[in-house]
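Visitor: Below, each chain spelled out in residue letters.
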Amino acid sequence: MTLLTRRAALAVGAGVTALAMMPSVLLAQDTAEEGLSAEEFINEFTGGAEVADGDGVKLTAPEIAENGNTVPISVDAPGASEILLLAMGNPTPGVARFSFGELSGSQSASTRIRLAETQDVVAIAKLADGNFVRTSANIKVTIGGCGG
Amino acid sequence: MADNVKPRVRVPKSASVDEVVVIKTLISHPMESGQRKDRDGNTIPRSIINRFTAEFNGTSVLDATLEPAISTNPYIEFSVKLPESGDFKFTWYDDDGSVYEDVQSIEVA
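These protein sequences, in sequence, are chains H and W. The first sequence runs 119 to 266 under the working numbering. The second sequence runs 4 to 112 under the working numbering.
Isolated chain W (complex conformation):
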């Protein structure tokens, strides 16, 4: 189980209609690859965020499948084109079944 998992997302407060906006997301997570061994030579079991999704007002923006090759504290940057004001919903899915969510609003004029 990963402790202190905290999503951090940077979304601009406002944008104009159909402007391409860059979203930066990061979640603090060890992303244990399942390749490392502890001091006694036992393999440390894999524990990663295996999926990340971004939705805007329920419509998909990005759906990413992540593998152990993604670095600790997975950082994902992508862009979105917004037709209207609304809420972003970011979701991270952990190997252990946990789901972390963050919601951010943006004004589109």
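So that you can see chain H by itself, here it is in the shape it has in the complex:
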């Protein structure tokens, strides 16, 4: 097989994947009222308090994720009591909420997440002093993980 035909095959594959994802995108809109929006998630987490951009929370994620079905990410917010993770471009933006207990060693956690498409992932941490800080990372997704 030549390189050219392999590329062509990949292109066709990507196209098919994109088509296959269409129904789930439509579905996401249908069921949007069931799940919370990103803003509702944030409001529920912060109780309406202001969220500052800046230091205090760190989000480690790959710049490019080849497979949106399993994207490794970690969050780290020294001294924080809770961290909220959101994927802004997913059909449902919620990802996870970590509450750190008394015995937590460092306020960090790693997991693997699904991303439907290229998008921003946002982490908001509740710091020890009760303030909220946020950070975000743009992740380019080659093959979406919305399960189409």
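The set of hints was computed from the structure by calculation and includes no laboratory data. Not one of these hints is a red herring.
Calculated cross-link-like contacts (lysine-lysine; reagent style BS3-like; alpha-carbon spacing at most 30 Å):
| no. | chain 1 | residue 1 | chain 2 | residue 2 |
| --- | --- | --- | --- | --- |
| 1 | W | Lys40 | H | Lys258 |
| 2 | W | Lys84 | W | Lys27 |
| 3 | W | Lys92 | W | Lys9 |
| 4 | H | Lys176 | W | Lys92 |
| 5 | W | Lys92 | W | Lys16 |
| 6 | W | Lys9 | W | Lys40 |
| 7 | W | Lys27 | W | Lys9 |
| 8 | H | Lys176 | W | Lys27 |
| 9 | W | Lys27 | W | Lys92 |
| 10 | W | Lys9 | W | Lys84 |
| 11 | W | Lys27 | H | Lys258 |
| 12 | W | Lys16 | W | Lys84 |
| 13 | W | Lys84 | H | Lys176 |
| 14 | W | Lys16 | W | Lys27 |
Since this is a predicted model, take the numbers as computed values, not measurements.
We have chain H already, so just place chain W on it with the hints.
Guide: Then chain W, alone, in the frame of chain H:
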């Protein structure tokens, strides 16, 4: 209902007092997002692990709320600072009401 759900946790056998130890947990679970459709176009109902907790001798280490955006076979890594020897208890809560548990001991000297 998710079949063959099996928790796997990696905890070191021993640690020193107040050392920060990394715990890796994984549970085999499809984490059906509720977004997918089957061949006939029917939505496959959501079935995920929605909560994970880790406790050490009854004190909370981590309490995580998980959403459908967590990948199949949810993997969670976190750290803990141990004051004494004892038992970890890891608990996963399934959408269908099932609760999966794993207990691991660690020597702290």
